[in-house]
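Residue numbers (this note's numbering): 1 to 422.
Derived by calculation from the structure, the hints in this document are not laboratory data.
Fair warning: there could be bad hints in the mix.
What the hints assert, rightly or not - In the BS3-like style, the derived pairs of lysine-lysine whose C-alpha atoms are separated by at most 27 Å in a straight line are:
1. 288 / 7
2. 293 / 33
3. 288 / 415
4. 7 / 293
5. 293 / 415
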Amino acid sequence: MREKSLKINFVWAFVGNAISSACMFLLLVILSKQGDAAMVGVFTVAQAVGLPVNMLLSLKLQNVQVTDARNEFSFGHYYAVRILTSILTTVVIAVIAVLCYSGQTAWITILMGIGYSVISLRESYLSVMQKSEQMNKMTVSMILQGALSLVMFGGIFWWTHNLVLSVLGLIAARLGTLLFYDRPTAQHLLRDHPQRHGTDRLYAVWDCSKLWTLVRLAAPLGLVAWLVSLYTSIPRLTLDKYYGQDEVGYFGAISSLLVLGTMITTALGQSVSPRLSRYYVDNIIAYKLLVYKMAGIALCLGLLAVAASTFLGRWILTVMFTSEYAQYNHIFVGLTVAGAILFLYTFMNDSLTATRTFTVQLPICAAAAGVCGLGSLVLIPRVGMMGAVYALIGCYLVGFLGCLVSVIYFYRRRKAIISVSR
1 MREKSLKINF
11 VWAFVGNAIS
21 SACMFLLLVI
31 LSKQGDAAMV
41 GVFTVAQAVG
51 LPVNMLLSLK
61 LQNVQVTDAR
71 NEFSFGHYYA
81 VRILTSILTT
91 VVIAVIAVLC
101 YSGQTAWITI
111 LMGIGYSVIS
121 LRESYLSVMQ
131 KSEQMNKMTV
141 SMILQGALSL
151 VMFGGIFWWT
161 HNLVLSVLGL
171 IAARLGTLLF
181 YDRPTAQHLL
191 RDHPQRHGTD
201 RLYAVWDCSK
211 LWTLVRLAAP
221 LGLVAWLVSL
231 YTSIPRLTLD
241 KYYGQDEVGY
251 FGAISSLLVL
261 GTMITTALGQ
271 SVSPRLSRYY
281 VDNIIAYKLL
291 VYKMAGIALC
301 LGLLAVAAST
311 FLGRWILTVM
321 FTSEYAQYNH
331 IFVGLTVAGA
341 ILFLYTFMND
351 SLTATRTFTV
361 QLPICAAAAG
371 VCGLGSLVLI
381 PRVGMMGAVY
391 ALIGCYLVGF
401 LGCLVSVIYF
411 YRRRKAIISV
421 SR
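All chains, full assembly: derive it from the sequences and hints.
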């Protein structure tokens with residue numbers, strides 16, 4: 001493919017992430033305006049419980065599948081593992097919900113577990129689109145799911161004010177997108193590009209030896225994804241324990257305002273991952289230049305976010321939510337500082353993933369999660385939401401520095417290997 005196609009892929013990925021993220025953000029806006037902080041808190045707690053389980057058991061297979069430039073495994077192997085982990089995800093989240101919560105919170109958590117499992121299955125098909133560098137098709141999928149989710153969830157909640165029914169609508173939207181767009185599109189791409197995916201069939205391959213090898217390869221990345229999800233979950237669950245669901249609702253809603261930055265970093269990461277992995281294998285200098293470009297974008301994005309929250313924070317919080325949220329502008333500013341570091345961390349982590357040295361990410365993320373957990377337990381009981389902000393800043397800083405050092409090391413090692421081979 002020509003080099004300029006990378007820019008086209010980024011534009012498509014950005015549009016998809018922008019619309020999808022905007023739709024999910026609008027769900028929280030609807031909850032905050034039509035409901036109250038407690039309802040936002042219930043929804044946020046359910047996400048905080050379900051997300052780490054989903055991240056751990058999904059094994060971050062999308063990254064493994066997309067960066068599998070040598071086709072060590074076929075689509076069928078990835079799909080078979082997805083089916084097993086999706087079932088396990090639903091069961092584990094349901095057990096946690098029953099044991100730890102009651103009433104509406106338990107039901108919402110169980111349903112969110114089902115929703116996460118549907119997302120996991122969808123990622124198998126999205127990975128085919130991404131690996132084929134057909135970001136336009138992936139974008140259509142993301143827009144469809146985002147729009148349907150907004151209509152189903154938002155419409156049902158506006159009509160009934162029933163959170164359980166609204167989450168059921170959210171699940172239906174995700175499942176509909178999977179069945180009527182994602183699966184047929186992936187089948188078409190497999191038939192057109194079998195050499196990229198190791199097969200032209202959209203079926204699971206139950207080769208136990210291969211599946212176990214794949215699980216062992218991806219397990220460190222799954223642990224990394226689980227640890228990263230704790231960055232979000234630990235502060236929110238700690239806030240819930242000490243201050244209740246109202247505080248979680250305020251914090252979760254304000255945190256969602258970072259969606260603009262995260263959708264840009266996600267879009268760029270998705271569009272460059274296949275090429276970044278190929279550059280690491282075939283053109284190490286191009287790999288370095290692409291990492292520089294990504295870091296520059298992250299830095300500019302972070303500075304813009306901090307400036308916007310500093311000068312326009314109160315107005316943004318009032319317009320997006322209600323006037324009650326404006327009193328937490330200092331939290332908003334602190335979160336954008338944390339977000340600026342997160343953007344850099346995200347790109348460095350993508351660069352490290354492209355080297356397929358997944359085990360290295362584990363100690364980095366464990367250290368970052370440890371800082372997040374310790375900071376939350378020590379600071380949140382003392383200074384509330386601001387303690388959560390401090391914990392996130394420390395967490396993201398540790399993660400970024402760890403990834404930066406690792407990327408530099410593996411770049412130099414790969415460059416030395418290439419020099420010797422010549």
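Each hint tested on the structure:
{"no.": "1", "hint": "288 / 7", "verdict": "holds (17 Å)"}
{"no.": "2", "hint": "293 / 33", "verdict": "violated (39 Å)"}
{"no.": "3", "hint": "288 / 415", "verdict": "holds (10 Å)"}
{"no.": "4", "hint": "7 / 293", "verdict": "holds (12 Å)"}
{"no.": "5", "hint": "293 / 415", "verdict": "holds (19 Å)"}
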